[in-house]
Amino acid sequence: MTRIGKLTLIYSCFLLLPAMAWTQTKKTTTTSKSAGTASSLKSSITRGKQVYAEQCLACHQVDGLGVPHMNPPLSKTKWVLGNKEDLIKVVLKGLNTEIEVDGDTYSNVMPPHESTMSDQQIADVLTYIRNNFGNKASQIKEADVKAVRAKTK
Amino acid sequence: MLSTVFVTAHAGDTTKVAKKDLSENNPPDVAIKTPTGFTTAIYADGLGSARHIAVNDNGDVYVKLAKKKDGKTIYRLQDTNNDGKADKMTGFGDYTGTGIAIKNGYLYASSDEEVFRYKIDGDHIANPDQPEKIITGLLSRHEHESKSIALDNDGNIYVNIGAYSNACQVVDRTPGSPGMKPCPILDSAGGIWQFKADKQNQTYGDGKRYATGLRNVVGLDWNTSTNTLFVMQHGRDQLHTLFPKMYDDKQSAELPAECMYELHDGSNCGWPYIYYDQFQNKKILAPEFGGDGKKTAGEDAQDPVVAFPGHLAPNALLFYTGNQFPEKYKNGAFIAFHGSWNRAPEPQQGFYVVFVPFKDGKPSGKWEVFADGFAGSPQQVASGRAIHRPCGIAQAKDGSIYISDDNKGTIWKISYKGK
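Chains A and B, in that order, give the protein sequences. As numbered in the working numbering, residues 1 to 153 make up the first sequence, in order. As numbered in the working numbering, residues 1 to 419 make up the second sequence, in order.
Any given hint might turn out to be false.
[What the hints assert, rightly or not] Listed next, the stretches of chain B that the computed footprint assigns to chain A, with coverage defined by at least 3 CB atoms under 8 Å from CB atoms of chain A:
1. 169 to 176
2. 235 to 244
[As the list claims (entries may be wrong)] Here are the simulated BS3-like cross-link-like pairs (lysine-lysine), alpha carbons at most 30 Å apart as the crow flies:
3. Lys76(A) - Lys68(B)
4. Lys67(B) - Lys93(A)
5. Lys68(B) - Lys78(A)
6. Lys250(B) - Lys49(A)
[As the list claims (entries may be wrong)] Computed spacing ranges between beta-carbons, pair by pair:
7. Thr105(A) - Asn281(B): 35 to 45 Å
8. Thr90(B) - Leu41(A): 53 to 63 Å
9. Ala147(A) - Lys366(B): 53 to 63 Å
10. Ala147(A) - Asn281(B): 51 to 61 Å
11. Lys417(B) - Lys136(A): 45 to 55 Å
12. Gly134(A) - Lys359(B): 45 to 55 Å
13. Gly155(B) - Gln50(A): 50 to 60 Å
Honestly, the hints are just simulated from the structure, not real lab data. Everything numeric in this text was worked out from a predicted model, so none of it was measured. Note that the Cβ used here is the ideal one computed from N, Cα and C, for glycine as well.
Model the full assembly from the supplied sequences, consistent with the hints where possible.
In structure tokens:
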């Protein structure tokens with residue numbers, strides 16, 4: 001890239017930023033409530049996918065089906081689709097006991113993530129798994145994680 | 001050239017996970033490939049989680065299950081009409097587990113905490129509901145819990161007590177948690193313990209820590225030509241997830257090697273402080289203990305006899321003493337690789353049986369894949385959604401070998417028929 005090209009790019013970024021911020025604000029204020037939820041769900045899922053790749057995929061696998069007897073599947077189980085608070089607790093506190101999912105037992109340890117992941121990251125990754133691997137369930141919000149974190153401190 | 005046998009899968013008798021996969025993705029057949037001159041046939045099927053297997057003098061096969069089948073966890077499989085297929089199954093035992101072995105007229109079998117033995121009366125178990133409890137109170141903490149067993153010719157039984165940990169961190173498998181030095185797990189796990197094969201109710205105090213620094217061993221065998229115990233270690237996981245700045249996905253998929261060790265009284269194989277890097281051919285200081293992927297360590301730890309690719313999960317080892325297979329197989333090692341999971345997001349590997357030729361008690365050539373195709377298609381290998389997973393190996397009376405699978409519970413018999 002030439003020097004002039006680089007400068008132009010930096011300059012246009014400065015110009016664009018305020019404009020983008022304005023567009024976003026305008027959008028939120030003018031769109032309906034349901035559309036706003038959809039967009040925040042979508043962006044949470046997108047961020048959650050990234051978190052999943054970094055934090056979860058090694059054990060729960062690309063397809064979310066886990067590893068027999070070791071790492072449980074995340075697909076269509078009550079652990080993922082059921083009580084939000086319990087699910088958030090699993091991520092925050094980890095699991096150090098054998099668990100049963102759909103009649104099969106899984107014994108590998110799940111590490112705690114309370115000191116390594118933010119409320120937002122946990123909300124995003126849980127929203128991602130609740131809406132992937134054949135799952136369809138409601139969004140988990142940052143505030144949900146925050147509440148469980150405060151309660152279980 | 002490879003000979004091939006097509007195998008029909010029975011969708012009705014499998015674990016829930018496998019069932020889901022079968023109906024959604026998997027074609028029902030697998031083709032087992034072996035070198036020219038070998039044939040493969042199904043001996044038994046539908047046993048579920050068929051872990052290790054043992055063969056009695058009369059040819060009956062005994063299989064240990066990690067999941068109950070009709071309430072039982074050991075099955076005697078008989079081929080009463082000599083057509084090469086089991087036609088009679090008798091179940092006993094109500095404890096799940098992995099280990100099974102036959103020695104000097106006794107059948108030995110393990111749960112995840114105990115080892116039992118049953119007197120063999122001619123061609124059957126004398127009292128299948130009242131075994132002697134040989135060993136009791138072994139640690140089982142839901143990680144590397146299976147107790148594999150092997151017996152020597154001097155009245156000893158060797159038991160793997162796997163470490164309930166990946167790398168002996170303060171908090172297991174957790175980024176940022178440091179390694180514990182000395183690792184307290186090694187007092188009661190992370191090694192091979194030796195007990196008397198004929199004494200009841202032994203526990204830690206009665207046994208001896210025969211070898212230490214072994215994260216988890218599932219496949220082990222007493223080599224009668226060297227008169228030593230050989231073991232296959234499951235190497236550590238998650239170098240990338242725990243140390244993303246030091247190891248990328250690919251390095252984490254390849255490292256560390258799955259190692260074969262020859263053990264002696266007092267052997268130390270180095271876990272958790274080191275792992276073996278099969279590219280540098282060195283023992284590398286584990287990152288939990290200050291390693292950077294290059295620093296070597298473990299001067300007091302043994303080197304492996306053979307180093308295999310990472311995470312393939314060697315679940316069975318057999319030194320071949322039969323006369324049926326060609327000369328090159330005599331005294332060599334067969335290893336059943338259960339198949340990887342810790343290579344994700346890289347493609348998974350394994351799900352095959354390999355052979356290592358031995359001469360004068362040492363490997364005399366490179367390892368080679370002996371039997372492959374258990375998982376199904378290349379996609380099923382890569383995704384890890386294997387139809388079958390090799391888990392046990394035993395030598396038949398006629399010199400054939402049996403391979404067990406703990407996903408659907410198929411047992412194959414591989415024989416040499418000549419060119």
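Tested hints:
no., hint, verdict
1, 169 to 176, "holds (count 6)"
2, 235 to 244, "holds (count 5)"
3, Lys76(A) - Lys68(B), "holds (25 Å)"
4, Lys67(B) - Lys93(A), "holds (29 Å)"
5, Lys68(B) - Lys78(A), "holds (24 Å)"
6, Lys250(B) - Lys49(A), "holds (20 Å)"
7, Thr105(A) - Asn281(B): 35 to 45 Å, "holds (39 Å)"
8, Thr90(B) - Leu41(A): 53 to 63 Å, "holds (56 Å)"
9, Ala147(A) - Lys366(B): 53 to 63 Å, "holds (58 Å)"
10, Ala147(A) - Asn281(B): 51 to 61 Å, "holds (53 Å)"
11, Lys417(B) - Lys136(A): 45 to 55 Å, "holds (54 Å)"
12, Gly134(A) - Lys359(B): 45 to 55 Å, "holds (53 Å)"
13, Gly155(B) - Gln50(A): 50 to 60 Å, "holds (58 Å)"
Checked against the numbered hints given earlier, the structure satisfies every one of them.
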